[in-house]
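Visitor: If you read the sequences in order, they're chains A and B.
By this note's numbering, the letter at position 69 of the first sequence is numbered 69, and the numbering carries on one by one without gaps.
By this note's numbering, the letter at position 16 of the second sequence is numbered 16, and the numbering carries on one by one without gaps.
If you are wondering where the hints come from, they were derived from the structure by calculation, not from laboratory data.
Be aware that a few hints might be false.
Chain copies aren't distinguished; within one or between two, either way the pair holds.
What the hints assert, rightly or not - In silico DSSO-like links for lysine-lysine, alpha-carbon gap of 27 Å or less:
#1 Lys192 to Lys107
#2 Lys320 to Lys338
#3 Lys77 to Lys178
#4 Lys77 to Lys277
#5 Lys320 to Lys414
Protein chains: 2
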Amino acid sequence: MPAIEQVLGKIDSNLDAAVQRLFGLLAIPSVSTDPAFAQDCQRAGQWLVDELKSLGFEVSLRQTAGHPMVVAHAKAKRRDVPHVLFYGHYDVQPADPLELWETDPFKPHLAETPEGQRIVARGAADDKGQLMTFVEACRAFMETGGLPCDVTILFEGEEETGSPSLPDFLAANRDELKADLMLVCDTGMWNKDTPAITTMLRGLVLEEVIVHGASRDLHSGMFGGPAINPIRVLGRIVADLHDDQNRVALPGFYDGVEDLPHDVAEQWHALDFDQQKFLADVGLSEPAGEHDRSVLEQIWSRPTCDVNGIVGGYTGKGSKTVLPAQASAKFSFRLVGKQDPDAVVESFRAFVRERLPADCRAEFLSHGASPALQLPFSSEALARARRALHQEWGREPVLAGSGGSIPIVGAFKKDLGMDTLMIGFGLDDDRIHSPNEKYEMSSFHKGARSWARVLDTLST
Amino acid sequence: MPAIEQVLGKIDSNLDAAVQRLFGLLAIPSVSTDPAFAQDCQRAGQWLVDELKSLGFEVSLRQTAGHPMVVAHAKAKRRDVPHVLFYGHYDVQPADPLELWETDPFKPHLAETPEGQRIVARGAADDKGQLMTFVEACRAFMETGGLPCDVTILFEGEEETGSPSLPDFLAANRDELKADLMLVCDTGMWNKDTPAITTMLRGLVLEEVIVHGASRDLHSGMFGGPAINPIRVLGRIVADLHDDQNRVALPGFYDGVEDLPHDVAEQWHALDFDQQKFLADVGLSEPAGEHDRSVLEQIWSRPTCDVNGIVGGYTGKGSKTVLPAQASAKFSFRLVGKQDPDAVVESFRAFVRERLPADCRAEFLSHGASPALQLPFSSEALARARRALHQEWGREPVLAGSGGSIPIVGAFKKDLGMDTLMIGFGLDDDRIHSPNEKYEMSSFHKGARSWARVLDTLST
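Construct the complete structure from the given sequences, taking the supplied hints into account.
Guide: Here it is, written out as structure tokens:
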């Protein structure tokens, strides 16, 4: 019997106890955004410290200005094996609105459904259940002879509030946290039977523009005509940002954007993605993105420009014949591939300035600029992880993109130069951030088995 | 000695007493918008009733849901003379901010300046001082043999709050108020030495558009690309509303817009209007209206389209990657000549609808639609008033336009079919609606003389 089969058997026989352990963590209301739960965040961190210590990790709870970090290290049984850094977060979203929960969000329980059991509690899927899949995989290895890779674990307690302490912590502990590869379990599967590896995260540039015109608000009766109207100027800028194919019209915007490899494009094309349903769920019927791209491409692998907010003049009830002195808009750009955030900012600002008529000036506020993250399709770690997941699930994992950004992953790439393998077992209907959050037992069980296989293939 | 010279002499000899009478009215703080001054509005109305009664008018104070109307009638000494309706308002703007007044706003006094005396108080120019010019002209006639025209006077006390009671009052008292011509003294002179007759008031169409897209706000990470963004749709609409000559691009918008008569165009061209200063006073340097029109034309005689407000998505501090379900904007159209407000509304709504992509719908709110008012340049009353003012001031009066709208004048035109002669003696620096409001003694004195001459010429 090969060693991995022993490890998987251990995970299977440990399952009931593993669920009870997860319940212990889920029972702690570690809501990071609400100061009333600060002690619970400490308790959750300490719970993980104790848990990892009992497995044989060298662990410490590191205080920050906010909630503490958990850092743990364990060596493999062999030398000259890869060193992985696993990241997860023990903090959770607030449980509100409480009245919509069918059971107490912090009294975890198993619900029986026709498709099997599920774990119900705040944080079941995001991210306590997911991070424990990795811990349980480590446990199974450690109880059957030792880890196949050197493992460092970093759990933070501020992910749901934007990870304010993380950048400084990374900078201060660079050497301790540096590894060959980063692993994250905070994403989803394609569906209940099909695993996914998220290889692409779009980057994000956030720019605000305030267009200033006259020195004060003017009466449109007196000045309507001769006085420039900043709302009109902004409207022109918004309109010009896309061409009639819905492509972003900023010069150079598509520099660094590459087409998908043929096999990935084919995989996406073959997916049972119901684009009509995706749109219909939010009241839409036609994709509004680039004309020649599928919806999946539009959200996973294509860059965008969005206006997230605009305001100027009178916005109350009724009317007011004012010509405002200023108007402002917030723009976000989702970036892919090798698009350079700084170049996008520069191109955008030049684009705006070129459209300013006489007597207008633009004030720019930057709210962040981060590049896209792309695990190279040629990566050896990716090839091994694909093999491991295929073995566990009997299906080729989907090489997914993610329309959103995960700033933490960017920070690890930027500060520690590490690529990240994002493998998660969440499902679209897990109701993360919502009442009655759940995590499928199959996700929890096969998730732990998946990590065991991934660690095993990475080490051979 | 012709009769009019006697009347003018009476005005001259009455001047000190006239100022004292005006002071009596100015001392009543008839602030219409603040319920705390409701009794003062009653007092001001009653003051006018008493004043007009003492002159021989048949007068009544008519209560409304708000502040009362004063209606007065007096017959001319001769029969078969024109019947004029004079309109003014006895209510005033609040005096706030009080600390910026150099003297008590309701303790009227005379200030001496190198150019002459001025009357300082809230309402001195808007509109108590102006309306008393007409009353003093009537007094002089009545003390020297009688009025040359039949005169009806209507004073209201709600002009500064949008005249809410006026439409119903007009409808209920149509026969009593109907006259051959309406006279209003609530406008300004061209400058201290040059009178003006306002012959054009721009009309006003107020439209609000709400563009609806998805059924709820979306996350731009998840939906940026395939989901339509109502702000973008609105930006396109705003941008398309003007062509590159700054002309309004609505089909049919300029139907009914006529060029100025040659002599009026020449008069405007010859005016000492400092367009650079006009713009520089509000921080601008270049006219932003139609390319081939002067600033004076742009505000007096040309129609415009303005965006008075726009709002959509996240408008707080920082950023939020939201794709809003809706965005809205408020538009105003200033109309001139024979532009049809209903046709403008219809064209605008069609214009918006044509620019709605799939999955977007537009909701329209109307906040009013009134046509422009134009006293025909060929009007006999206008010709006579020009002659009268020329005689008094030694200069041809400017045939001015007004960029703003005066809804009351529109209501009289629409409901009673009366043309209006707007002659006022305010100056740009009178600080109406602001602290230290004043009215020049020359405006008050020569204003009364002007009305005497106008009434005289109208009757001959």
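Visitor: Now look at each hint and say whether the structure bears it out.
Guide: Taking the hints in turn, this is what the structure says about them:
no. : hint             : result
1   : Lys192 to Lys107 : within (25 Å within a copy, 82 Å between copies)
2   : Lys320 to Lys338 : between (47 Å within a copy, 24 Å between copies)
3   : Lys77 to Lys178  : within (20 Å within a copy, 105 Å between copies)
4   : Lys77 to Lys277  : neither (49 Å within a copy, 84 Å between copies)
5   : Lys320 to Lys414 : between (49 Å within a copy, 23 Å between copies)
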